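Chains as they are written, first to last, in my numbering: chain F, 1 to 95; chain A, 1 to 509.
Bear in mind the hints are in silico, worked out from the structure with no lab data behind them. These numbers were taken from a predicted model, which means no experiment stands behind them. Ideal Cβ placement from N, Cα and C applies to all residues, glycine included. Keep in mind that a hint or two might mislead.
[Unchecked claim] Quick list of simulated restraints, FRET-style, between CB atoms:
hint	chain 1	residue 1	chain 2	residue 2	range
1	A	VAL311	F	ALA80	53 to 63 Å
2	A	ARG498	F	ASP65	30 to 40 Å
3	F	ALA61	A	ALA37	30 to 40 Å
4	A	ASP284	F	ASP36	48 to 58 Å
5	F	GLU23	A	ALA37	33 to 43 Å
6	A	GLN438	F	LEU24	20 to 30 Å
7	A	PRO505	F	SER4	45 to 55 Å
8	A	ARG341	F	LYS42	23 to 33 Å
9	A	GLU59	F	LYS92	49 to 59 Å
10	A	ARG278	F	ALA61	43 to 53 Å
11	A	ASP316	F	LEU24	36 to 46 Å
12	A	PRO505	F	ALA75	47 to 57 Å
13	F	GLY48	A	GLN438	33 to 43 Å
[To be verified] Listed below are several chain A residues computed to face chain F (Cβ distance under 10 Å; list not exhaustive):
hint	residue
14	ASN116
15	VAL329
16	TYR354
17	ARG355
18	ALA396
19	LYS398
20	PRO423
21	PHE427
Here is what each chain is made of, one letter per residue.
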Amino acid sequence: MSLSEDDVRRVARLSRLAVSADELPRLQQDLSRILDLAAELKAIDTQGVAPMAHPGADAVALRPDVVTESNRRDAYQAVAPQVEDGLYLVPKVIE
Amino acid sequence: MNLDTLLDGPLRGLAGALARREVQAAEVARAYLDRIAAANALLNCFITVDRERSLHEAEAADRWLDARAAGGADAPASTLLPPQLSGLLAGVPVAHKDIFCAEGWRTTCGSRMLENFVAPYDAHVITRFRAAGAVTLGRANMDEFAMGSSNENSWFGPVRNPWDTSRVPGGSSGGSAAAVAAGLAPAATGTDTGGSIRQPAAWCGVSGIKPTYGRVSRYGMIAFASSLDQGGAFARRAEDLALLLDVMAGHDARDATSAVRQDGSFTGLLGQDLTGLRVGVPRDWFGSGLAAGIGTAVQAALEQLQRQGCVLVDIDLPASRHAIPAYYVIAPAECSSNLSRFDGVRFGHRAAGYRDLTELYERSRAEGFGAEVKRRILIGSYVLSHGYYDAYYLQAQKVRRLIADDFTRAFASCDLIAGPVTPTSAFRLGACNEDPVQMYLEDMYTIPVNLAGLPGMSIPAGFDNGLPVGLQLIGPWWQEARLLQVAHAYQQHTDWHRARPAGVPGVSA
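Next comes chain F alone, as it looks inside the complex (with noise of 0.2 Å):
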């Protein structure tokens, strides 16, 4: 397999996703099986090819930097899961 279970840990921690103990040999399987089909890209000359990030023909359009959105706060924290005077609570993270 070409990923460990360490790596899984690893990218699970760097994903913010929790793995449980059971569910670790199981993605370790399903994501090497994944890599071993991206393992083939590997072989091909892409010598002197420019990556291709993006389709676009054109240049991605730049706008002024203005503030163009209206104050929709109340609408949006309506569909926040714990919010307070405006803001969003979260468990603490300075002592």
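Following the hints, put chain A in place on chain F, whose structure we already have.
Below, chain A without anything else, positioned relative to chain F:
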């Protein structure tokens, strides 16, 4: 005219009858909502149906149409659309894939993460449909966050294929495709990142179009892989799709990749003769990977195009055989970045128990996302991480360039490309459960088109053991009108798009 005949006819006919006030929008909406009420328990095409809200929209359309018929109204309140498009679809019901944010409608993206999310704003596509007067018929089921090719990855359960309910409809826009196939909607929106419009269109026997990247604004369309995602539509006929695209497409300053184009109506070439059009055929796509029944049907479709005046030319797309590995690096990379916004803080699911902020993130995401979404996020994080970026991500982007360059070369000798949409027809529910990679291979002919940003279609082209087969049409950049011309001409000479599945509850076939 019999209402059923009108509902199953061309969109233009329905819109015309509504405009002439021969039928009421509320009556049309009620007829479809009744069909949905009868069939959705079996097919599960819709995640959310809100009869009252839909009828409310329909009554508003009726009022506007009445006022216009009486000579009193200019246009709907919006000045977004040019006059010829304003109210163009007044009273016409459309099912929206549950990925397009629509104010007041629950927008789940097929995920537990957004199970209770009611969008606070409209996607650009929704804004345009509203301005055209279309009525929202409901929110179509889909693979979670548009990741999947079978619609089995929905938190709200799989969609069943109306042609054989033991089989999948394809995905990710499976609910949209199945709804149109079953007669539960005359039109539906979809999105296509690696084949998510064309593959379910093929497997459900309806017409679907993925426009050129940049044609339809992605504003308010929940992002999966931003350099590949593109909104599009499903309907029975190519001419219906042209009408839908006239409404959907258009520049939007809120999407930096939205194109500024003056190409005119997508109906512009409908009815024009095909004589002399050069159709490129990628012979590599007809190899051993292609099911025999599909090869036969697609070959027959190519011969039909030839009889209608097209000239077939063989083309080579050698790098497209690497499209699947390139895609399964690029799409997960972009997905891992896009889906980082779901953190249990600002919207979406939040876990019940956590000790600190990291645990809040990790548990909320672990509970909110399904297995396929997690796999893609994890793969994305891996290929973007230090030490692997060059070998996987950068290399995949270079291969993407090779694939796109093949198309550019091919279009020097042809006006469009035609071939299969999928290597097999619809599989049984659960057939790919053990090996997610096996399902990835279903998109081998559709993914290259997304990587290159080209417009593509699937139109019904026959059956393989009773299951629909699609013909794929691929055009150069911005040539949707050409694809629609060819598809429409084909549908003037064939009946595949008229075939209807039997046994849909509440719908007379």
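Okay, the hints, checked on the actual structure:
no., hint, verdict
1, VAL311/A <-> ALA80/F: 53 to 63 Å, "59 Å, holds"
2, ARG498/A <-> ASP65/F: 30 to 40 Å, "53 Å, violated"
3, ALA61/F <-> ALA37/A: 30 to 40 Å, "44 Å, violated"
4, ASP284/A <-> ASP36/F: 48 to 58 Å, "23 Å, violated"
5, GLU23/F <-> ALA37/A: 33 to 43 Å, "39 Å, holds"
6, GLN438/A <-> LEU24/F: 20 to 30 Å, "22 Å, holds"
7, PRO505/A <-> SER4/F: 45 to 55 Å, "51 Å, holds"
8, ARG341/A <-> LYS42/F: 23 to 33 Å, "32 Å, holds"
9, GLU59/A <-> LYS92/F: 49 to 59 Å, "51 Å, holds"
10, ARG278/A <-> ALA61/F: 43 to 53 Å, "34 Å, violated"
11, ASP316/A <-> LEU24/F: 36 to 46 Å, "44 Å, holds"
12, PRO505/A <-> ALA75/F: 47 to 57 Å, "39 Å, violated"
13, GLY48/F <-> GLN438/A: 33 to 43 Å, "35 Å, holds"
14, ASN116, "8 Å, holds"
15, VAL329, "5 Å, holds"
16, TYR354, "7 Å, holds"
17, ARG355, "7 Å, holds"
18, ALA396, "6 Å, holds"
19, LYS398, "4 Å, holds"
20, PRO423, "16 Å, violated"
21, PHE427, "18 Å, violated"
Hint compliance for this structure: hints 2, 3, 4, 10, 12, 20, 21 are not met, and every other hint is.
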